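Work the whole structure out from these sequences, hints included.
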Amino acid sequence: MSGAVEDAVLILGARSDIARACAQRLARAGHPLMLAARDAATLAGDAEDLKLRHGVAVTCHDFDALATGDHAAFLDALPELPEIALCAVGLMGDQAESQRDPAAAIRVLRSNFEGPAVVLSLLAERFEARGSGTIVGISSVAGERGRASNYVYGAAKAGFTAWLSGLRNRFGRGPVRVITVLPGFVATSMTEGMDLPARLTAQPEEVAEAVYRAIRHRRDVVWVRPVWRVIMAIIRALPEPIFKKTRL
Amino acid sequence: MTALAGWGRYPRIDCAIAAPRDEAALAALIARGGAIARGMGRAYGDSALSATNTISMRHFKRFRAFDPATGVLEAEAGVTLAEIIETFLPRGWFPLVTPGTKFVSLGGAIAADVHGKNHHGAGSFGACVEWIELMGADGAVARATRDDDRFRWTLGGMGLTGVILRAAIRLQPVASGWIAQTTLPAPDLAAAIEAFEANMDAPYSVAWIDCATSGAARGRSLVMLGRHAAPEALPRAARRDPFAVPRRRLRRLPIDLPSGALNPLTLRAFNAAYWWAGARRAGAALVDWDRYFYPLDAIEGWNRLYGRRGFVQFQCALPLPAAREGLDALLRTIAARGAGSFLAVLKRFGAQEGRLSFPMEGYTLALDFPCNRESLNLMQTLDRITADHGGRFYLAKDARLDAATLHATDPRWSDFAEMRRRTGLAEAFASAQSRRLAL
Ligand SMILES: Cc1cc2nc3c(=O)[nH]c(=O)nc-3n(C[C@H](O)[C@H](O)[C@H](O)COP(=O)(O)OP(=O)(O)OC[C@H]3O[C@@H](n4cnc5c(N)ncnc54)[C@H](O)[C@@H]3O)c2cc1C
Ligand SMILES: NC(=O)c1ccc[n+]([C@@H]2O[C@H](COP(=O)([O-])OP(=O)(O)OC[C@H]3O[C@@H](n4cnc5c(N)ncnc54)[C@H](OP(=O)(O)O)[C@@H]3O)[C@@H](O)[C@H]2O)c1
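Those protein sequences? They're chains H and X, same order as listed.
Residue numbering for the first sequence follows the numbering used here, beginning at 1 and increasing consecutively.
Residue numbering for the second sequence follows the numbering used here, beginning at 249 and increasing consecutively.
Everything labelled a hint here was simulated from the structure, so no lab data went into it.
These numbers come from a predicted model, not from an experiment.
Accuracy of the hints is not assured; some may be wrong.
[As the list claims (entries may be wrong)] Pair by pair, the computed Cβ-Cβ distance ranges are:
(1) L544(X) to S189(H): 47 to 55 angstroms
(2) S189(H) to R391(X): 22 to 30 angstroms
(3) L544(X) to D70(H): 51 to 59 angstroms
(4) P79(H) to R418(X): 44 to 52 angstroms
(5) M190(H) to T393(X): 35 to 43 angstroms
(6) R236(H) to I261(X): 39 to 47 angstroms
(7) R585(X) to D94(H): 53 to 61 angstroms
(8) I261(X) to L196(H): 19 to 27 angstroms
(9) R585(X) to A233(H): 57 to 65 angstroms
(10) M190(H) to R418(X): 34 to 42 angstroms
Beta carbons: idealized from backbone N, C-alpha and C, even for Gly.
In structure tokens:
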């Protein structure tokens, strides 16, 4: 059953700051880890650190979310089918570039939606066949309403959020559990150099704690900082004629 | 640009700060020149500030290897002593040397060559460092071992020889997470010194010293001795897991105290109360490692105690033959001004090797002052007394010393500055402190 400390966790996009914080938190609780990212060799230092600190088993695996044709083979090559899979893959891109250059927009859409959805689908099938498994998808509050400043990224995240919601609904009676994580601003490499309001900005460790608790307490949707739930409720409630004139 | 300061919150400087994630990004930053590494920002003054190029090492924080046979730990420079203790104390290991806060980085501990309550026996932090890996002005990384010039200039070199990336340090085996503490009340300075000299075999010793009281009780102190407790010495309940200690609630100083809250009256009252309370509790006690080594860490943000203007620390070391007379002169001056601080610390140093390290065989006195004109004036008087007694100053605590005094009292820094000019390190690495002190 998902949540026991001996359950192996697969982390997709393991070089992300949020993923690394999640790895620390889950290893601290005793979970063995499989770290997957592009160029997995660069994860060796993280893996060693996790083993030393927490005494858990850690393996590293090459994974490219955009190479969807390889995902099944990737999963089959893992040392075991994980009990928990967490996907932190994401790409913010540059909104102006995404507007100008279709290739850039496609990269953002595929990285945040298509890639994660494909690999998690394959995992869901395997979890269903086994009769257990937990899927944690890191989406974003940006998917709650499309805004001029980042609607390509936001649309991809909206798609991913809807997809996770559908998957959860499909397995509403089990055996697969699905958790949607909706962080607001997080201080990571993705947002480095941006001028973020401190009160609304979480540290990666905070996201990790929220993820860990969601796994433990079988939550469905997690807003990392509750204030974001309020903010997004207001933004969603704005009537379109007003909303379209705002700059948010 | 970000307004940055050290722990004393003075001076506060607008700095360009970046936090690289890998060596390539770090090398690119160093290439810009005028760079200084920053760890946890626990140095009191401007050691880890560069207006043009401050480099936070917070992303370099991986453990790399640990050898349970020897206790040697390899780690990246941004790892903190708190993390080291959290990870390795449950396995029976503790840092060989630790300063009065666990929230320092490995890089900061090496760069300042910090000392702890066991300096008289164990030496400074450098004693446990097997090697360091340093990125120099050209962005190349080289390992330096104890005999290398680069190693010796870096221990105590305050980040001015390059950026420490990784180091190997030897931890000490301990049998429990508890310290057997003995408190000896000393009614005046002479008694305090006697207590230190009579207890050179205690692994740890330190004194809280009352700097606010003049007259016969001048320099009265609570001398606190300690040693790692054997499991048999613990109460039955604690013996099952001798490394587990009660968790402390983290308290937070919610607001800045108004700058006038610390005045001669409150200071004298606090110091008197502290002394009497301590003297009443004198004798033996079992204290957990966190309370013993890091009493101040329990109050997050205690540096706001001194208000928005911040505070400055004075810390000098005096050579043994002149220590008693020098300390007496310092205390006389401090008490006469009605200055002084809540927590003044006196400590016996042992012999010290190291090209730039602060300690010397003798005594060290450290105390805080609120940052204002009177304090800064007073500290200049204290500088002179220190100089007259052959003493020296600790750069990790300094925010205001002048270059002439530093070079006159401690010519090692002149050699260091000359070496930096000769090797091109002076352009590559600089802090607000190194500029002020002509290093
Ligand atoms: C409450 C308190 C108690 C203290 N008690 C003691 C004590 O008992 N004994 C003692 O010796 N000190 C003591 N200190 C001072 C403290 O130990 C030193 O200032 C230490 O250097 C702080 O480490 P840091 O990681 O915060 O470094 P910072 O304050 O960030 O930097 C300090 C210096 O180290 C350099 N540095 C940091 N990281 C690197 C790196 N990776 N490579 C190269 N240079 C680097 C910086 O350039 C700077 O010169 C105390 C400080 C506080 C706040
Ligand atoms: N930071 C925020 O404010 C914030 C807010 C809400 C949601 N989120 C979401 O949180 C998640 C983690 O992001 P983060 O903040 O930790 O930023 P991050 O460090 O930039 O992490 C994003 C990660 O996604 C990986 N990735 C991108 N494309 C990939 C691909 N094709 N294949 C494999 N991995 C790929 C990246 O790998 P490489 O290292 O190989 O580039 C990177 O490690 C993302 O989904 C992000 O959208 C972040």
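Status of the hints after comparison with the structure:
1. L544(X) to S189(H): 47 to 55 angstroms: violated, 33 angstroms
2. S189(H) to R391(X): 22 to 30 angstroms: holds, 28 angstroms
3. L544(X) to D70(H): 51 to 59 angstroms: At roughly 54 angstroms between Cβ atoms, D70(H) and L544(X) fall inside 51 to 59 angstroms, so the hint holds.
4. P79(H) to R418(X): 44 to 52 angstroms: violated, 35 angstroms
5. M190(H) to T393(X): 35 to 43 angstroms: holds, 39 angstroms
6. R236(H) to I261(X): 39 to 47 angstroms: holds, 43 angstroms
7. R585(X) to D94(H): 53 to 61 angstroms: holds, 59 angstroms
8. I261(X) to L196(H): 19 to 27 angstroms: Holds - the Cβ-Cβ distance for I261(X) and L196(H), about 22 angstroms, lies within 19 to 27 angstroms.
9. R585(X) to A233(H): 57 to 65 angstroms: holds, 59 angstroms
10. M190(H) to R418(X): 34 to 42 angstroms: holds, 39 angstroms
In this structure, the hints that do not hold are numbers 1, 4, in rising order.
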